[in-house]
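Novice: Now for the letters of each chain:
There are 2 protein chains.
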Amino acid sequence: MAHQSYKRIRILLTLFLIPWLGYSQTHEVFIRKIFDESLLRGKSYDDLRSLCKDIGPRLSGSSEAEMAVRWSEQKMKSYGFDTVFLQPIMVPHWERGNPETAWITFGNQSIEKITIKALGGSIGTQGLLEGKVVMFNHIDELKKAIRTQVEGRIVFLNQPMNAAEIQTFKAYGACYPIRGNGAIEASKLGAKAVIIRSLGLSEDDHPHTGSMQYDTAVPKIPAAALSTKDANLLAQRLIRNADLMFAMEMDCRTLPDVPSFNVIGELKGRKSPDEFITIGGHLDSWDQGEGAHDDGAGVIHCLEALRILKTLGYTPDHSLRVVFFMNEENGNKGGKTYASWVKDNHEKHIAALESDRGGFTPRGFGCDGNDKTFKKFQSYAPLFESYGLHVWEKGGGGVDIGPLKDQFTDISLFGFIPDSQRYFDFHHAASDVFESVNKRELELGAAAIAAFLYLMDSDLFR
Amino acid sequence: MAHQSYKRIRILLTLFLIPWLGYSQTHEVFIRKIFDESLLRGKSYDDLRSLCKDIGPRLSGSSEAEMAVRWSEQKMKSYGFDTVFLQPIMVPHWERGNPETAWITFGNQSIEKITIKALGGSIGTQGLLEGKVVMFNHIDELKKAIRTQVEGRIVFLNQPMNAAEIQTFKAYGACYPIRGNGAIEASKLGAKAVIIRSLGLSEDDHPHTGSMQYDTAVPKIPAAALSTKDANLLAQRLIRNADLMFAMEMDCRTLPDVPSFNVIGELKGRKSPDEFITIGGHLDSWDQGEGAHDDGAGVIHCLEALRILKTLGYTPDHSLRVVFFMNEENGNKGGKTYASWVKDNHEKHIAALESDRGGFTPRGFGCDGNDKTFKKFQSYAPLFESYGLHVWEKGGGGVDIGPLKDQFTDISLFGFIPDSQRYFDFHHAASDVFESVNKRELELGAAAIAAFLYLMDSDLFR
Chain A
1 MAHQSYKRIR
11 ILLTLFLIPW
21 LGYSQTHEVF
31 IRKIFDESLL
41 RGKSYDDLRS
51 LCKDIGPRLS
61 GSSEAEMAVR
71 WSEQKMKSYG
81 FDTVFLQPIM
91 VPHWERGNPE
101 TAWITFGNQS
111 IEKITIKALG
121 GSIGTQGLLE
131 GKVVMFNHID
141 ELKKAIRTQV
151 EGRIVFLNQP
161 MNAAEIQTFK
171 AYGACYPIRG
181 NGAIEASKLG
191 AKAVIIRSLG
201 LSEDDHPHTG
211 SMQYDTAVPK
221 IPAAALSTKD
231 ANLLAQRLIR
241 NADLMFAMEM
251 DCRTLPDVPS
261 FNVIGELKGR
271 KSPDEFITIG
281 GHLDSWDQGE
291 GAHDDGAGVI
301 HCLEALRILK
311 TLGYTPDHSL
321 RVVFFMNEEN
331 GNKGGKTYAS
341 WVKDNHEKHI
351 AALESDRGGF
361 TPRGFGCDGN
371 DKTFKKFQSY
381 APLFESYGLH
391 VWEKGGGGVD
401 IGPLKDQFTD
411 ISLFGFIPDS
421 QRYFDFHHAA
431 SDVFESVNKR
441 ELELGAAAIA
451 AFLYLMDSDL
461 FR
Chain B
463 MAHQSYKRIR
473 ILLTLFLIPW
483 LGYSQTHEVF
493 IRKIFDESLL
503 RGKSYDDLRS
513 LCKDIGPRLS
523 GSSEAEMAVR
533 WSEQKMKSYG
543 FDTVFLQPIM
553 VPHWERGNPE
563 TAWITFGNQS
573 IEKITIKALG
583 GSIGTQGLLE
593 GKVVMFNHID
603 ELKKAIRTQV
613 EGRIVFLNQP
623 MNAAEIQTFK
633 AYGACYPIRG
643 NGAIEASKLG
653 AKAVIIRSLG
663 LSEDDHPHTG
673 SMQYDTAVPK
683 IPAAALSTKD
693 ANLLAQRLIR
703 NADLMFAMEM
713 DCRTLPDVPS
723 FNVIGELKGR
733 KSPDEFITIG
743 GHLDSWDQGE
753 GAHDDGAGVI
763 HCLEALRILK
773 TLGYTPDHSL
783 RVVFFMNEEN
793 GNKGGKTYAS
803 WVKDNHEKHI
813 AALESDRGGF
823 TPRGFGCDGN
833 DKTFKKFQSY
843 APLFESYGLH
853 VWEKGGGGVD
863 IGPLKDQFTD
873 ISLFGFIPDS
883 QRYFDFHHAA
893 SDVFESVNKR
903 ELELGAAAIA
913 AFLYLMDSDL
923 FR
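Chains as they are written, first to last, in the working numbering: chain A, 1 to 462; chain B, 463 to 924.
Check each hint, because a few of them may be wrong.
Rough simulated footprint, nothing fancy, chain B against chain A, three-plus residues with beta-carbon under 8 Å [said to hold, decoys possible]:
| # | stretch |
| --- | --- |
| 1 | 292-298 |
| 2 | 316-323 |
| 3 | 417-425 |
| 4 | 438-448 |
Example chain B residues on the side facing chain A (calculated, C-beta under 8 Å, incomplete) [stated by the list, open to error]:
| # | residue |
| --- | --- |
| 5 | Phe497 |
| 6 | Asp498 |
| 7 | Leu502 |
| 8 | Ile628 |
| 9 | Lys632 |
| 10 | Met707 |
| 11 | Thr823 |
| 12 | Leu845 |
| 13 | Ser848 |
| 14 | Tyr849 |
| 15 | Gly850 |
| 16 | Asp881 |
| 17 | Arg884 |
Over the 12 Å line for every Cβ pair with chain A, so calculated as not near, a few chain B residues [to be verified]:
| # | residue |
| --- | --- |
| 18 | Arg532 |
| 19 | Ile585 |
| 20 | Thr630 |
| 21 | Lys834 |
| 22 | Ser841 |
Simulated from the structure, these hints should not be mistaken for lab results.
Just so it is clear, CB atoms sit at the ideal spot from N, CA and C, and this is done for glycine as well.
One chain only, chain A, in its complex shape:
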């Protein structure tokens, strides 16, 4: 090789390759430190255990939710974040009351008990409610039904989640209308109550609760979920005897709104302290189980991500905030209040990330940003390959951080994507307990978020 061309290659190397190697190696080394901290000295698993076992489920307006607010404030303070504060909000206050009961009877013959749970926000039954059942296998069947089919009956929406859908969140989304709009559609045709097949993929005995809506144009009727096993059972019994009677009693009620809080911790930025990056999940949960995956894992992921960066002595360029949003499940008052509050404060928010898909093995991230941001976002894939993160796709965001988009048109929103296969075994059900979270999977998720937060802060918006 001629000396001249050797020299030219050397110059090219110096100009391009070596700085690039330096850049990439710095990231690689720091990301490895982040994963080591999470896997070897992490706090996420013990913190989640405490949130689940010392407090338990945390429905907005409950005393447990308030206990969780204090717990979170103390926890953030114990990690020495620069600022920790509570942001006041008003939240709905719905209570389940006495446990629900239900059964079916066949004429004078046998009685079978059915496991139900009121959907969140449902009215009670005012004593025992009894009626014949009309079953639909899809909400569109109900919409096409005529009044005489439905009037005075209990509508049973037995629409299953599609098990063939690989992305379980898509299967959930397709089924959501039976829970969200079932009471409205059934009431339009004069039904006296609505019962739905639980939005879950496993066949088990846990009814999955969750939010539902009423419409002022039609009467409110009680709404409840059956476990998938009991939905199958009821469907079978109806084939045998279409005139069977369904009896149910629910004591739930909505009380006046009560004050609550978002919990916020912050590491102050050195270069651009007035520009903010928010990461968070929601502190509230449904009243079933312990809210371990939904969304205990998400808030702990984000808490741990900020703790790790602080513990490793990282000084952020921007101000980094972890927000434990209150009331994602039934009102999103936390997300909405936070977005308008930061706007009123004239803060500039450049990015936000949400973790609200459980504490499973991390698979990647979703990005809702402009083309330049998305391209750079995708360029991070090689840094995460050895950690098993391969998904760098469009999408992202989350219920809590969504309202920020209304305030900042150029904000980039990101969503953490863990493996989704087990999520709907636990979602909004009694099975969503600490024991359903695997230590390593939780720790890997926290590390992935910490590593991505580091890249967002130090590189993505340069």
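We have chain A; now place chain B onto it with these hints.
Specialist: Below, chain B without anything else, positioned relative to chain A:
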């Protein structure tokens, strides 16, 4: 655009692009059918339930292992494979006997119970065995020790698996010598027994058993595993009191070899019936738990893969075999016998795949083949991306199919790679029960293997 160049493009399209699209679309469509069959009408979960609950653990030489052989034969016949047969082998017969007991005492003071399980193949203690303990944090520390440190004592190998290792099988491999060679190394220096920290990543109460070796050059000494929790406890107690006494009793013993079987099912190839592709896992398990992940999931994966292809009416080019190997855990007599038997039968074996890493979400496959095969193997990645399989790496094979490599130098071996994070919570422990396997994760694994088997048969070796 000139007509000429348009025509040229059209010719190019016809020659290259359209056949390619056709090829790719055929694969896509059939793979989608495979996943639908597994997720919507799959048998894997119920079959695994039956194997785990109707039979349970299946240690080589046990009556449960023989029951499992009959169960497997019947199951394969019920699926209508062209040929189903049992291949006779001889297997070791080791028994645990009465449950083990162990405790520590501090002089005349307190007693603490310790949970131990004999390692597979260990000799018993012939009544109570008692001694002082010498602890090493790594097997290399033991190798460097001098005789006076060790002689007459119980060696405690407290080497933990490295939690910072993302690939848990690598962490396991690095720790394996304490189990495999601990008794030999300790005996060389005159130890009276060896106890090891369980090869597991979670802190729990389950000792993990597994195979170990003796060397005829040194005396055999009893060998047992402590749960990770009790390993931590013992390490702490030794700091306080290096002279504490450890007492243990184990009733285990090795009996004469007994006859057993590999169970083999076959779909006959149409184009090349004399060329074989084998997929399999091992039917035997340790005697703890139910062998659900190790390797109930693996044999069920492969059974289901063949069932799916048959159910979908697929006619294979090559002869496809599912083999339930016996005795992977403590002798590999099944794998060795199968390899020499097919060679003696003058069968040509072109490929084999093993599933022996549990029933978790599929992440990809490993390939041990020549450059051409590896390149084509990697070209399948886009077909599996929407199913979440992103890993197409070198490596692969497995203990059972490994001996085929000695018989056929140009055979390609493949390994199924599921998510590895939870595997070592269950491996060889009482926690490896049916309930630790998720239905969807199992079904996705079976579908991934069926899809890859289809590609191996129809495309990979063209």
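Novice: Each hint needs a verdict: does it hold in this structure or not?
Specialist: Taking the hints in turn, this is what the structure says about them:
1. 292-298: violated (count 0)
2. 316-323: violated (count 0)
3. 417-425: Holds: 4 residues of the stretch 417-425 of chain A have a Cβ under 8 Å from chain B.
4. 438-448: holds (count 5)
5. Phe497: holds, 7 Å
6. Asp498: holds, 5 Å
7. Leu502: holds, 5 Å
8. Ile628: Constraint on Ile628(B) satisfied, holds at 6 Å.
9. Lys632: violated, 11 Å
10. Met707: Given a least distance of 33 Å, the restraint on Met707(B) is violated.
11. Thr823: Holds - the Cβ of Thr823(B) comes within 8 Å of chain A, reaching about 5 Å at its closest.
12. Leu845: Violated, because the Cβ-Cβ distance from Leu845(B) to chain A comes to roughly 13 Å (cut-off 8 Å).
13. Ser848: With Cβ-Cβ at 6 Å, under 8 Å, it holds.
14. Tyr849: With a closest approach of 6 Å, the Tyr849(B) hint holds.
15. Gly850: Since chain A brings a Cβ to about 6 Å from Gly850(B), closer than 8 Å, the hint holds.
16. Asp881: With a closest approach of 5 Å, the Asp881(B) hint holds.
17. Arg884: Nearest chain A Cβ about 5 Å off; hint holds.
18. Arg532: holds, 29 Å
19. Ile585: holds, 35 Å
20. Thr630: At roughly 8 Å from the nearest Cβ of chain A, Thr630(B) sits no farther out than 12 Å, so the non-interface label is violated.
21. Lys834: holds, 25 Å
22. Ser841: At roughly 17 Å from the nearest Cβ of chain A, Ser841(B) sits farther out than 12 Å, so the non-interface label holds.
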